[in-house]
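For this one, chain X is given, so just place chains G and F on it according to the hints.
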Amino acid sequence: MANKSLKKDQLKNLLNKVAQNSQLIAPIQSDGITLFRPVKSGEGVVLEYQNSVMPPKDYFFPMSEKMFSYDTSDPSWAIKLEEGVPSRVLFGARPCDVKSILLLDKVFDAEFRDDLYLDKRNKTTIIALSCNECRHTCFCGAFGISPGEAEGADILMTDLGDRYLVEVLTEKGEKLAATCSDLLTDDDGSGAGAKEKAVAPAKEKQLNISIEGVKAKLDNMFDHPIWATESLRCMGCGTCTFVCPTCHCFDIVDFNNQSSVGYRYRCADSCQFGNFTRAAGGHQPRPSKTERIRQRFMHKLRYFVDRYGDTACVGCGRCLEKCPVNLDIAQIINKVKEVG
Amino acid sequence: MNKVTENLRQTAAKLLKDQEVEMVIGYGLGSEAVRTQPVFITSPDDVDKLVWNPFCVNGLTKYLSDLKTLSGKIAVCVKGCDSRGVFRITQDNIIPRDKVVVLGIPCAGQMSYTKLASKMDVTGQLKEVDDKGETLVIKTSNGDFTVKKSEVILDKCLKCESHNPVVADHMVGDKVSVTDTPDDYDEIKKYEAMSPEEKAKFWLSQFDRCIRCYACRNSCPGCTCRECIFDAIKPDWVGKEMNLDENELFHLTRAFHLAGRCVDCGECDRVCPMDIPIRLLNKKLLKDCKELFGMETPGSAEEGGSVLGQYRLEDPEEFM
Amino acid sequence: MVLKRLLEYVGYEPGRFKARWISGSEGQKWADTTKEMTEAIKALGPNKRFKKD
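So the protein lines, in turn, are chains X, G and F. Taking this note's numbering, I'd label the letters of the first sequence as residues 258 to 597. Taking this note's numbering, I'd label the letters of the second sequence as residues 940 to 1259. Taking this note's numbering, I'd label the letters of the third sequence as residues 134 to 186.
Source of the hints: derived by calculation from the structure; they are not laboratory data. No false leads were mixed into what you were given.
Each computed EDC-like pair below joins lysine to aspartate or glutamate, with the alpha-carbon atoms no more than 16 Å apart:
1. K1140(G) / E141(F)
2. K137(F) / E1131(G)
3. K546(X) / D1005(G)
4. K265(X) / E305(X)
5. K1138(G) / E141(F)
6. K137(F) / E1256(G)
7. K151(F) / E1256(G)
8. K181(F) / E1137(G)
9. K1038(G) / D1108(G)
10. K1173(G) / D511(X)
11. K1007(G) / D1037(G)
12. K462(X) / D1060(G)
13. K1129(G) / E141(F)
14. K1095(G) / D1123(G)
15. K1173(G) / D508(X)
16. K363(X) / E408(X)
17. K1140(G) / D288(X)
18. K1226(G) / E141(F)
19. K323(X) / D1184(G)
20. K181(F) / E1136(G)
21. K137(F) / E1230(G)
22. K1098(G) / E1126(G)
23. K942(G) / D1069(G)
24. K181(F) / D1184(G)
25. K137(F) / E1257(G)
26. K1098(G) / D1123(G)
27. K1138(G) / E146(F)
28. K151(F) / E1257(G)
29. K1140(G) / D1184(G)
30. K269(X) / E300(X)
31. K472(X) / D567(X)
32. K1058(G) / E390(X)
33. K1140(G) / E146(F)
34. K1128(G) / E141(F)
If you want a taste of the chain G side facing chain X, the calculated C-beta under 7 Å gives, among others:
35. S970
36. P977
37. T1062
Even for Gly, the Cβ is constructed at its ideal location relative to N, Cα and C.
Looking at chain X on its own, in the form it has when it is part of the complex:
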């Protein structure tokens, strides 16, 4: 489909229209921080953010979700599955976040297909937004991600100053664009060139990190002393893993309030927690921060590559910024390259 163009002042109308037809999830400012939240209209949607504090991952793989419920007083003991989500549009996902969803697909839509994830994934149309500026912690370039490309999104929009370039990338995107066709005009052909210019600052200003050779190095670093040294300052909180758009470890728990009714839920878990990987009987194969820190970086930069052929980091910079003790994955990447 040919590229389209949207006048800047028409964005709100477009979002209003989208919100009428489906659930709209967009970045808003709440108590001073930017988060993706369901909104009723285009009112209050923020665009001048670089990265939301929490990634939009929550709308595909929620921090906490009910899997099913039951009632044993019902003679059939029927298990009641959760209803799926309504048709949704995620607006404003950044290219790194879109990439992270492709990475989650590798986990949840592979040998074992995860119905809870796929229900949300299939019913969500993603409108990505290119980055004109980057945050001081951004380094998506290290993973081959461009602030102006978003493979995996259904529509990609780029702020060109006076208008948005609207690139419709998939069939799902075409369907959505058709519902707003009165607001879109055909791009006069200048869009692609203008886009390159618009995203150039985000490309140039971001941290210059390269992961070349890191995987090969890590293959032989399981017993390296760097993990003990670097983990000393770790506090063992779950901030890095919870703000991460690709972390996807979860725990499954049954809740029953000593009555006939109960439910099972799954919720995000963190490899940095002491309970994680603790087996029945109390054995803990990762007894200290050293093993846990190693697991986090190894999983992202080595194991995920072995299993799925891609790194499980997209350079969004959230953990760099939020880690209370400055345990910085970009710095770790550089250190891994330096050590013998």
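Structure of chains G and F alone, referenced to chain X:
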């Protein structure tokens, strides 16, 4: 290099060389110009990694709990606010006082990384900081930046009751002459004055976005239970589910476990990735314990303990 | 005392939480307190928080 850094390195080198301590916990340069990261020095050859600048925001006393099994003594750098954490940890019998060598650093206020990052390019390496009184000249590999201190100082430092550490075996800097300003709890009074509906609305919207990363707990020198209630699985007192009810239960329980014990260092508030004003809960408890029991800020003196674990005849008895 | 103040601070209505010291021999006080508290809480209506669905 500033004088404090120089003193600090000399003191650390001597302590390590004389084998008086096994480890020195201090601040080292971080991955960005206006950040530092905790460093753990075990050899006199490594003391050059230690620095002191206005970006040493972390409280380091909690690490004493992590490292309590070391056979030798541990030296730890403390500012005024986190010096109270030393007494929290020794009063809670986590580590004996004589296993800790306190390196006190007087502090006139620390600068906020978040605020600085919105004002300057922080991605370079820090070369030097020039303190010009009202302003700071931050020299980095990406250029020099002048910032007004009042615009980038940590909120908690605006009111500080101890710019100078309450305990120090070695004071590595000159006492700062900034006037101590104990909290008047004006902000807490503002929240107290709201109607129950307004309070509920405010707090529930705060608890709602908690992601239960437990950074507040893990950074706290008062949170040293061998098994934390929030980690218990059987029975699961507080569920792992992240929803408003469990989150609220988590926050109220966390806060109340620190009633009469919180040393008011403000770490929980700083480390929260979701900007939940956790300190407003702790401050409320401090205010009440001070009003009801005439408590001084916990950790201000070597002797003492939890005010709620003590009984005096003159204690108020409104429950009778 | 401290917990009561904390709960009220985060928006629980005054009177929803109460602590009273009542000895085993003070039957009348126990009955009166219970009655008083039941009435106060009925007036407040059901608690909307801490309710798992």
